[in-house]
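Student: Each chain, letter by letter, is given below.
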Amino acid sequence: MSAPPVSLAGKTALITGAGGGIGRGMALALASAGANVTLAVRRKTTGDETAALIRSEGGSVLVVEADVAKQVDVQNAVDRTVAEFSGLDIVIHNANAGDSAHPVALEEVTDESWHSQARVTWDGALWLAQAAFAPLKRSSAGRFILLGSAFGLHGAGFNPVYAALKGGIKGFTKSLAREWGPFGITVNAIQPAAATEPAEVFFNQYPEVRAAFMRNFPLGRMGRPREDIGGAVVAICSDEFGFITAQSIQVDGGLYTAV
Amino acid sequence: MSAANPSTQVRESKVAFVVASGANVGSRLGRGLARAGSRVAVLEDAPAGESADAADGAGAVERYPTSLASRAEVQRIFDAAAGDLGSPQLVLVSALPSSLFVPTDSERLTANEWTSTVQGAAKITLYCLQAAHSHMVKSGGGTIVCVGPSFALVGAARLLGLSTVLEAQRALVKSAARQWGRHGIRAHWISVGVGANYPALQEVPLPNGPELGPPPPPLGRVPDFEQDVAGIAEFLASSAGRGLTGCSLVADGGDWMVP
Numbered sequence: 063m064s065a066p067p068v069s070l071a072g073k074t075a076l077i078t079g080a081g082g083g084i085g086r087g088m089a090l091a092l093a094s095a096g097a098n099v100t101l102a103v104r105r106k107t108t109g110d111e112t113a114a115l116i117r118s119e120g121g122s123v124l125v126v127e128a129d130v131a132k133q134v135d136v137q138n139a140v141d142r143t144v145a146e147f148s149g150l151d152i153v154i155h156n157a158n159a160g161d162s163a164h165p166v167a168l169e170e171v172t173d174e175s176w177h178s179q180a181r182v183t184w185d186g187a188l189w190l191a192q193a194a195f196a197p198l199k200r201s202s203a204g205r206f207i208l209l210g211s212a213f214g215l216h217g218a219g220f221n222p223v224y225a226a227l228k229g230g231i232k233g234f235t236k237s238l239a240r241e242w243g244p245f246g247i248t249v250n251a252i253q254p255a256a257a258t259e260p261a262e263v264f265f266n267q268y269p270e271v272r273a274a275f276m277r278n279f280p281l282g283r284m285g286r287p288r289e290d291i292g293g294a295v296v297a298i299c300s301d302e303f304g305f306i307t308a309q310s311i312q313v314d315g316g317l318y319t320a321v
Numbered sequence: 015m016s017a018a019n020p021s022t023q024v025r026e027s028k029v030a031f032v033v034a035s036g037a038n039v040g041s042r043l044g045r046g047l048a049r050a051g052s053r054v055a056v057l058e059d060a061p062a063g064e065s066a067d068a069a070d071g072a073g074a075v076e077r078y079p080t081s082l083a084s085r086a087e088v089q090r091i092f093d094a095a096a097g098d099l100g101s102p103q104l105v106l107v108s109a110l111p112s113s114l115f116v117p118t119d120s121e122r123l124t125a126n127e128w129t130s131t132v133q134g135a136a137k138i139t140l141y142c143l144q145a146a147h148s149h150m151v152k153s154g155g156g157t158i159v160c161v162g163p164s165f166a167l168v169g170a171a172r173l174l175g176l177s178t179v180l181e182a183q184r185a186l187v188k189s190a191a192r193q194w195g196r197h198g199i200r201a202h203w204i205s206v207g208v209g210a211n212y213p214a215l216q217e218v219p220l221p222n223g224p225e226l227g228p229p230p231p232p233l234g235r236v237p238d239f240e241q242d243v244a245g246i247a248e249f250l251a252s253s254a255g256r257g258l259t260g261c262s263l264v265a266d267g268g269d270w271m272v273p
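In order, the protein sequence lines correspond to chains A and B. If you're matching positions, the first sequence starts at 63 in the working numbering and goes up one per residue. If you're matching positions, the second sequence starts at 15 in the working numbering and goes up one per residue.
Just chain A, with the same shape it has in the complex (with noise of 0.2 Å):
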């Protein structure tokens, strides 16, 4: 006899980045349970493209144009999200800077290619943690998900801005956990190795680098956004891992194993 699938339905998730790569995958994952989906997203072109797949398949979704560095485009899309869904169960914040994948010697860091990135991914997460606050105190069962990186934990020679914002990703889901847990909201990061866009390109630049890296793999490969990355975080989302807070989860087959 085989388990139910996970259902998810009548629950609300809100996204960011979710116009392609993992995002996307998360999106169609959490639809496909039965979420009503909103995604926030910088460009409606590649929000809407999303969209498409997840009403092609019968799911429930809304479309928001967002900068997350930008506070009042948060607000309005949890606003949004809250008056057509009546409610939000689910964060998530997936949004990254382009230039993350960019090597980059460390003495060479300029303010202004920390905050171009910073301001995505810790802008972000606060101006995201702060609007959904009130709607996840209402969910019975409220969920804010944190996209880190495994450079985040091991350090990185090839992009240390990266590093350091996702390592500070840790940081902020720790605390964030141990503040809102009173109010029965978990706070999680994931650490996903995916097969994206920008993984391509990064490996189309390095080869030999991705030779070396799948041989790192015990499951031999790296992940799909939507069957690996998506399929962890709607588990993360479902009532059965709702004990499960402050943790750091790697969702990379096996690729980082130190911890």
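Hints may be right or wrong, so weigh each one.
Unchecked claim - Within a straight-line C-alpha distance of at most 20 Å, the following computed SDA-like cross-link-like pairs (lysine to any residue) qualify: (1) A:K199 with B:L123; (2) A:K199 with B:D119; (3) B:K28 with B:R53.
Stated by the list, open to error - Here are some of the chain A residues that sit facing chain B, going by a computed Cβ distance under 10 Å: (4) A226; (5) W242; (6) P244.
No lab work stands behind these hints, which were simulated from the structure alone. None of these values were measured; they are calculated from a predicted model. Ideal placement from N, C-alpha and C gives every residue a C-beta, glycine not left out.
Assemble chain B onto chain A, guided by the hints.
Tutor: Then chain B, alone, in the frame of chain A:
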């Protein structure tokens, strides 16, 4: 063949820079290093008079007031200290603005507090790493050690900004270790038990440790900056520590034994 006594290897005269903000952290670290024979420059943004005891009992400590407000200012003060004492073999960074230690509900954090204080603190670490690199890469290497309170490993409610900065700092240090190891530059992070080390946190209900019962920790006391942390940094910078880089060390008397 020479088999030097490890205890004598640790005691090596060196030039050490301590970068600090907040009352007397730099003074205590500076005194500890000076007692061990180092010539010490304390680069500190504490208000005038707050660190007047920096040289107490340790004639080899020079104080350099600074704002730490920009990369240029941090580089300038490093250059000034190096001009007087020589290039540093050890740089110890404990530069956390006092405003970060004020417990605040995350939903009440203002945009200014977040972007200026939290991101500002992270960038001070970045600037210090970059300034240290500029001298060490020319002088054949050295050791950089960042220091912060140990609760960052486990998070604390209402200290979202400080937790975020500290975990970012830890990842940044690991990236420095990865990028600069080839230049003979080693980088570490030491988390220090709160106790009397961080008076601003004494009234904050921090998580105590995984064991049942109240403090003290297994060693019976919390290590302090002058007697203990300076010595750990001195060891890391010595030839005895040459096989280590990118380490996260927990100087809390045994409260948190990280996996």
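Student: Indicate, hint by hint, whether the structure satisfies it.
Tutor: Tested hints:
1. A:K199 with B:L123: holds, 18 Å
2. A:K199 with B:D119: Judged against 20 Å, a Cα distance of about 15 Å means the pair holds.
3. B:K28 with B:R53: The given pair, whose Cα atoms are some 6 Å apart, holds under the 20 Å limit.
4. A226: holds, 4 Å
5. W242: holds, 8 Å
6. P244: holds, 9 Å
The structure is consistent with each of the numbered hints, conforming to all of them.
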